[in-house]
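For the record, the sequence lines run as chains A and B.
Take the first sequence: its position 497, counted from the start at 1, is 497 in my numbering, and no numbers get skipped.
Take the second sequence: its position 168, counted from the start at 1, is 168 in my numbering, and no numbers get skipped.
Hint data in this document are derived by calculation from the structure and do not stem from the laboratory.
Just to be clear, a hint being listed does not mean it is correct.
If you anchor each label on the Cβ, the simulated ranges turn out as follows [claimed, not checked]:
#1 D309(A) to R522(B): 21 to 27 angstroms
#2 Y404(A) to E33(B): 17 to 23 angstroms
#3 R46(B) to E463(A): 53 to 59 angstroms
#4 D231(A) to Y404(B): 27 to 33 angstroms
#5 Y404(A) to E289(B): 37 to 43 angstroms
Using N, Cα and C, we set each Cβ at its ideal position, and we do this for glycine too.
2 protein chains.
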Amino acid sequence: MTVTLGLDFGTNSVRAVLVRCETGEELGTAVVEYPHGQSGVILDPRDANLARQHPGDYSVTLVESVRAALAAARAADPGFEPAQVIGIGIDATGSSPIPVDAENMPLALQPEFAENPNAQCWLWKDHTAHEEAATITRLAREHRPGLVARCGNTYSSEWFWSKIWHCLRVDPGVFVAAHSWVELADYLPALLAGVSDPAAIVRGVCAAGHKALYADDWGGLPDQEFLALLDPRLAELRDRLFSQAYDASTCAGGLSPAFAEKLGLPAGIPITVGELDVHYGAIGSGIEEGVLVKVIGTSTCDCAVVRADRAMADIPGICGIVPGAILPGYFGIEAGQSAVGDIFRWWVEDVCHGDGSLHADLSAEAAALEPGASGLLALDWNNGNRTVLVDQRLTGLLVGQTLYTSRAEIYRALIEATAFGARMIIDRIVSHGVPVRRVVCAGGIAERNPLLLQIYADVLGVEMQVSRSAQSCALGAAITAAVIAGPARGGHPDHATAQRAMAGVKAESFLPDPDRHAVYDRLFALYGDLHDAFGGVRIVDLSRLMKELLAIKESTRI
Amino acid sequence: MTVTLGLDFGTNSVRAVLVRCETGEELGTAVVEYPHGQSGVILDPRDANLARQHPGDYSVTLVESVRAALAAARAADPGFEPAQVIGIGIDATGSSPIPVDAENMPLALQPEFAENPNAQCWLWKDHTAHEEAATITRLAREHRPGLVARCGNTYSSEWFWSKIWHCLRVDPGVFVAAHSWVELADYLPALLAGVSDPAAIVRGVCAAGHKALYADDWGGLPDQEFLALLDPRLAELRDRLFSQAYDASTCAGGLSPAFAEKLGLPAGIPITVGELDVHYGAIGSGIEEGVLVKVIGTSTCDCAVVRADRAMADIPGICGIVPGAILPGYFGIEAGQSAVGDIFRWWVEDVCHGDGSLHADLSAEAAALEPGASGLLALDWNNGNRTVLVDQRLTGLLVGQTLYTSRAEIYRALIEATAFGARMIIDRIVSHGVPVRRVVCAGGIAERNPLLLQIYADVLGVEMQVSRSAQSCALGAAITAAVIAGPARGGHPDHATAQRAMAGVKAESFLPDPDRHAVYDRLFALYGDLHDAFGGVRIVDLSRLMKELLAIKESTRI
Chain A
1 MTVTLGLDFG
11 TNSVRAVLVR
21 CETGEELGTA
31 VVEYPHGQSG
41 VILDPRDANL
51 ARQHPGDYSV
61 TLVESVRAAL
71 AAARAADPGF
81 EPAQVIGIGI
91 DATGSSPIPV
101 DAENMPLALQ
111 PEFAENPNAQ
121 CWLWKDHTAH
131 EEAATITRLA
141 REHRPGLVAR
151 CGNTYSSEWF
161 WSKIWHCLRV
171 DPGVFVAAHS
181 WVELADYLPA
191 LLAGVSDPAA
201 IVRGVCAAGH
211 KALYADDWGG
221 LPDQEFLALL
231 DPRLAELRDR
241 LFSQAYDAST
251 CAGGLSPAFA
261 EKLGLPAGIP
271 ITVGELDVHY
281 GAIGSGIEEG
291 VLVKVIGTST
301 CDCAVVRADR
311 AMADIPGICG
321 IVPGAILPGY
331 FGIEAGQSAV
341 GDIFRWWVED
351 VCHGDGSLHA
361 DLSAEAAALE
371 PGASGLLALD
381 WNNGNRTVLV
391 DQRLTGLLVG
401 QTLYTSRAEI
411 YRALIEATAF
421 GARMIIDRIV
431 SHGVPVRRVV
441 CAGGIAERNP
451 LLLQIYADVL
461 GVEMQVSRSA
471 QSCALGAAIT
481 AAVIAGPARG
491 GHPDHATAQR
501 AMAGVKAESF
511 LPDPDRHAVY
521 DRLFALYGDL
531 HDAFGGVRIV
541 DLSRLMKELL
551 AIKESTRI
Chain B
1 MTVTLGLDFG
11 TNSVRAVLVR
21 CETGEELGTA
31 VVEYPHGQSG
41 VILDPRDANL
51 ARQHPGDYSV
61 TLVESVRAAL
71 AAARAADPGF
81 EPAQVIGIGI
91 DATGSSPIPV
101 DAENMPLALQ
111 PEFAENPNAQ
121 CWLWKDHTAH
131 EEAATITRLA
141 REHRPGLVAR
151 CGNTYSSEWF
161 WSKIWHCLRV
171 DPGVFVAAHS
181 WVELADYLPA
191 LLAGVSDPAA
201 IVRGVCAAGH
211 KALYADDWGG
221 LPDQEFLALL
231 DPRLAELRDR
241 LFSQAYDAST
251 CAGGLSPAFA
261 EKLGLPAGIP
271 ITVGELDVHY
281 GAIGSGIEEG
291 VLVKVIGTST
301 CDCAVVRADR
311 AMADIPGICG
321 IVPGAILPGY
331 FGIEAGQSAV
341 GDIFRWWVED
351 VCHGDGSLHA
361 DLSAEAAALE
371 PGASGLLALD
381 WNNGNRTVLV
391 DQRLTGLLVG
401 QTLYTSRAEI
411 YRALIEATAF
421 GARMIIDRIV
431 SHGVPVRRVV
441 CAGGIAERNP
451 LLLQIYADVL
461 GVEMQVSRSA
471 QSCALGAAIT
481 AAVIAGPARG
491 GHPDHATAQR
501 AMAGVKAESF
511 LPDPDRHAVY
521 DRLFALYGDL
531 HDAFGGVRIV
541 DLSRLMKELL
551 AIKESTRI
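Please put together the full structure from these sequences, using the hints given.
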């Protein structure tokens, strides 16, 4: 028996999963929440845009979760031994850059910066850099249109350069002290491999290509001349960062003796290049050409792949199309919604002041409603719009309320809004030649919300499947570890073989109902009007919108 | 000592108030809820537009409330005797027409129609006749533009002809059985005076002019030829209704011996012509030229008066400009918002599942917020828009939600939305020559919601005063009763004299803060954009709206 370890560094916690290479069986799993902040996220009550993580949390929770997963595997299978672990795969959220010194030590771990959030990890959902993102977008459109065409023609406040530049402007002391900036997904393999020089870190093309404007065809990171338009100090930083990034066929190093001892694993076993969590999640969900993988959690990430030998043009509004970003040999295409589960949580907990049981009650009530029967329509922009508008400075909207509107109707309208947002994304990529024959979902929401999956099936008009594993990201990391370890050590020769052996979907799937799909077609047209009007796509005549919602509502009454 | 009795038939209950003619002192008050339906309103779970009242409730609650008020007055002042009551004033909601037989008996009181909601009183907020209203509007604009120009160029589903026509279409049996239709405000004085012939009822010009398209200058009700365009049976009905309507200087009859005995009051004392509740409420709040009276309750009615010898043009979107409708000798101008308190109640009770204490908690939290700080903006159209759009088929809207938006922020945004709606109305009438130097508020919400009054002062930029009486409508009816009784019986010679003696405002008023007013000017411009876009006034570029809300939010942070 051979086993690989998948490590998934999420927004609130780390998951460690030990997986059998032959079958995909999950032998042991452990989840450990980051100790700092609110569920691991450091917030600022004066600035809702700020979201950081304490870099010290990663090594602590890494050791704790791996040891717990090993203990769980031993308890489940007395035949299991840590020596059977042949490789480690790692994914993390992103773009979550960390400022580090010349020894690859995060600045936040140094006494001088111990209390400074700007020296911590700038978590993906930090939006403090929205002004910098807008300026990068403007300058790139003017001077380097190719740069931003690759990422939907708009550079996001969530991404690498926006955050580093914002740090330079608001806290030059941190910027000057930072020898380099490292994506969390790259920092973690380097930490395990004992890499103490930022220039020696094996950087993943996934984060680099999607978030840092890296591409081989323009020589790596954006050129110094362009970066100097932002700030000469960014141009100067460029060459201290990295010149080459690698896909998931690459080994990032071997497990260092120090960490081998801490974890109780064999020293020297290979560690994969780090990818963004959802990209390994896509692999763990069985991504292939024609399959869209949706990882649905607090936010949503959509992944698709297209064979690298096809001609792929840029797709407006799509965050990234990066060769090798998900699967080696394929273009990786990433899109996403800035808030999905977060919106439901906001409604149930923050507005209705309920808990998990209210989620269940509202789901049951909402499930009894027919599409259109509430007369409500919402925009799913409570945390901005990542795709296809790429604009964090958009907000939520709800229309159609009467004096009889119930909280369950609003709950359903919010789910529907996220489904319409999902449809916007699929329509956009399909119209640019990316095939979508079925959708495989992963993530917490997909696991436990059949109402949402049925609504998505009815809105999208395609079959919705659910990844068999509850830990698809960690599983994808483990699958990749099996490929990196290779057949000689008991792993797999390539991703397709490894996915066939280790990944799969659940037997129960969700099929669209034609009648409900027809009603949702009408509602989606109105969603498109709101989307385009408030998103700045076009000026829309909205004078009939409320009346059309009422007409749909009345047509649902038999 | 002389005393008059004011009777106010509201949406949920009747109020009886005994008032001293010399001082306005309220000697005894009683409130009795209607027994049928939900708080007196009969609803249909299958049709949110339906709202009826059972006509049998009126005489029962009338007797009960008057006897209770008499008992309260006797308890408060041993010198009080029912023989000191020199007149009765009556107001009621409207347009609330009741189908009656040839003996003025409501059809709902007959066994054949006992369970038929169409035979009951069609309460003002019944919107089942929205299609008929739209057709009346269209036909009148085409064939009789003058008819609807007087009522804001749009005829409402809340009004007399829409409701009667809808009854004809959905329940011809009731229509055929109805010899006449009588406004509740006209039915009640006739009931007390023992009038048993619908043709002999003294009809008030207030309801007739504002709701039934009555005007002396076109010969009373709309002509038969026009009504025949709707339905020949409506043309036929016209001459069975009435040919003349009267202002508040008119006596509707003397108290019948039968009711004198039931109530314990002197037979033969004069009864005023019935007016709509808010119109007598305006009198009870001290209306005069330059004063806008806002009666703020579940919905809101705005009243203003302009001397009848001035030239008054029609005002687009204003429900009515009717000579004599409020004060004799003045144009009465009425506008209103379809839901105000109802929206707050919906939010607190139906969505947040709270009670009175949550109203207080949210008020306290909302009071601590600065204008614009939530980033939210709402439309106050949960029950349609009465003025200035005159469109019941509009619905609510909330924009600007993030993942951090609180229920108290939404509560405040809803109050602000009603304030913006109020400002739309004032801007419209002021721009058409109606002076508004101060605002006097009355009604339950004005009584107990200082937060709302401060927000209104800050949004409107004018001083907000509160009527001294908690029962302004009943007080205005009692004031009018004192005028009808006249000086010879111990009443007053005219309304101005009676108002000086009997009405007034509270010492505490609410003054606008210039800084908050400036922020609200910015928000009101955005409200205007939403209002015009969704209300069909003009096509609006909304692409900057969310960003402008964020900019205002950010500018409130010091």
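- Query: Quick one: are D231(A) and Y404(B) within 27 to 33 angstroms, going by C-beta?
  - Reply: At roughly 31 angstroms between Cβ atoms, Y404(B) and D231(A) fall inside 27 to 33 angstroms, so the hint holds.
- Message: Verify the CB-CB distance for Y404(A) and E33(B) against the hinted window 17 to 23 angstroms.
- Response: Holds: the Cβ-Cβ distance is about 21 angstroms, inside 17 to 23 angstroms.
- Cβ-Cβ distance between R46(B) and E463(A): within 53 to 59 angstroms? 35 angstroms Cβ-Cβ, so the 53 to 59 angstroms window is violated.
- Consistency of beta-carbon spacing, R522(B) to D309(A), with hint 21 to 27 angstroms: Roughly 55 angstroms apart at Cβ, these two residues miss the hinted range, so it is violated.
- Does the Cβ pair Y404(A), E289(B) satisfy 37 to 43 angstroms? holds (40 angstroms)
Consistency note: the structure conflicts with the earlier hints numbered 1 and 3.
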